[in-house]
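There are 2 protein chains.
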Amino acid sequence: MKEYKVGIIGATGAVGQEMLKVLGERNFPISELRLLASSRSAGKVVESPVYGKLTIGETTNDAFSGLDIVLGAAENNISEQFVDAIKASGAVYIDNSSAFRLRDDVPLVVPEVNGEDAFKHNGVISNPNCSTIITVVAINAINKLSPIQALYASTYQAVSGAGAKGPVEMYEQSKAFLNGEPIPPANIFQYQIAFNLIPQIGGFQENLYTSEEMKLQNEGRKIMHLPDLKVSCTCVRVPVERSHSISANVITKDRLDLDVVRTAIAASKGCQLVDDPASKRYPMPLETSNQDDVFVGRIRRDLIHENGINLWCCGDQVRKGAATNAVQIAELLIGR
Amino acid sequence: MKEYKVGIIGATGAVGQEMLKVLGERNFPISELRLLASSRSAGKVVESPVYGKLTIGETTNDAFSGLDIVLGAAENNISEQFVDAIKASGAVYIDNSSAFRLRDDVPLVVPEVNGEDAFKHNGVISNPNCSTIITVVAINAINKLSPIQALYASTYQAVSGAGAKGPVEMYEQSKAFLNGEPIPPANIFQYQIAFNLIPQIGGFQENLYTSEEMKLQNEGRKIMHLPDLKVSCTCVRVPVERSHSISANVITKDRLDLDVVRTAIAASKGCQLVDDPASKRYPMPLETSNQDDVFVGRIRRDLIHENGINLWCCGDQVRKGAATNAVQIAELLIGR
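Protein chains in written order, with the working numbering: chain A, 33 to 368; chain B, 33 to 368.
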């Protein structure tokens, strides 16, 4: 089997570390794995159960020579800084930042939904926003039954969506609160997240939605090939470590039978149906973390719109919402 | 000033204790305060900073004689068991249970919204569901500007909504988790609530909505005098101690100007507008707990329906969502 030279930039962050883990778990055929990060992290040694000890290199314009694939887990500015060097090296760049997601010449790919788009790349493929990936995987089967016209969504987003320091901040604040000690000040989040909710993820746009809230519409349109899709979204940070949850009302062109919808979701790639109210079975963050599938339940008729369906879904946003999706795109490229 | 003889049944529970506190805070004119609970609690002594030491009596058919007002903080079955005895005693029964809320001869009252309905009682007035009270106070001003046709709502409900043992269970589970100890089994909630979400509050109905989810439609219609109001609601328990939050999309008959809406909400009784995205100001559970007002923010145009408005609101469900609302109804009755 052909083996590939793979690089990860932002390799020391939560998503970069998860990419390393996922590549190993899925036995991605690798002849060389090059982990890259800032000069501050360069020289550190990372241990992988599959690839052994790996020394972090510094991300520079010369760091990509000979690579076939670069997985990007860095911030937008880093991604923008190095994209030309990656392309010049001949590697395909699969980027988790939002820098290029809406560019016409960059495919935005969720393999289960629009895998074919990956092959239209010009050197860069974008990995979508985490909540967007989880939602589109959950509603993909519905969209295939009848095109989705509109989507109301309220999210319940885990603290690990803010990087590795998110859970640390939540747990330290929780511990201090429970011990009756002064609560460490918010640093990663805008306010205390322990035993609280923060209805802001991302910066506010002119239309008073946050950048995170608009991603579900803008990226959802591109991934699902629904240019006229309307999405009204509210994103909320909740004190949960992993797995984002989304309460969604999906309005389709035609009225769908709920059993048909359930059967289609159960058969949909990357989805698991957990929908048995009588047995109190529905998706929850704790039961869906550290897994790659998106879990869907609470499927029922929208009580407002006759073509509407309500559902609840959960998915691990560090894995399927970021690292796993990027590795799956790489797998598409190598014909796996 | 005339003083009244007031009883509380379910006086030892979270809502009963809060009613005792709220009566004192608001200097409700009381000549006798009779606290009633189950035989198990009878004889216990409760200390009130306003009313001094009070001995819990047993709730029996004879326990209500001479009372003017009885505040009910007991479960449905207790409420059903004693309603006739309370009425026979001549007292007005202001009941927080859901037993009588939808009966035609029982007013369902949120004083800021439909206070006038309280005077149509035949001995019983129902206090609405907690999330319903918070939501209708938040959207009352919008409904006055233009009748609300439909409401999409996703709730983020605090553990104290399940009674005094809810927060105990959450904090004990959180402490065990943080100490790396086995997590105490779920007892009050269906599953572990610490660092988790549970998308079920109440039992499932035939239409696959929970009883809690249907209350917002059924009680909302009655309180706001909107018999055709359509509500599609998802209720979720979140690891927060107090203050329920609701992400709401309100669709009105006419298209409203957002600044007009903001001004109306700011002036609406029982509401506080906290809506300044540029300064990262929006309602959060931690900042809205132990208060009586409902806090509203994140007001913006619905991106799907041209007459829709999105908002986010928080309110303390033990206070305005239960105890305070009941005491406010009592105040209406005595002409305060």
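No lab work stands behind these hints, which were simulated from the structure alone.
There may be inaccurate statements among the hints.
One copy or two, either will do: identical chains are not told apart, so a pair holds if it fits within one copy or between any two.
[As the list claims (entries may be wrong)] Simulated crosslink set (DMTMM-like; lysine to aspartate or glutamate; CA at most 25 Å straight-line): (1) 207 to 90; (2) 312 to 57; (3) 312 to 238; (4) 119 to 238; (5) 301 to 324; (6) 207 to 273; (7) 312 to 79; (8) 37 to 204.
Verification of the hints:
no. : hint       : verdict
1   : 207 to 90  : neither (36 Å within a copy, 40 Å between copies)
2   : 312 to 57  : neither (32 Å within a copy, 41 Å between copies)
3   : 312 to 238 : between (42 Å within a copy, 14 Å between copies)
4   : 119 to 238 : neither (34 Å within a copy, 56 Å between copies)
5   : 301 to 324 : within (11 Å within a copy, 48 Å between copies)
6   : 207 to 273 : both (14 Å within a copy, 15 Å between copies)
7   : 312 to 79  : neither (41 Å within a copy, 40 Å between copies)
8   : 37 to 204  : neither (39 Å within a copy, 49 Å between copies)
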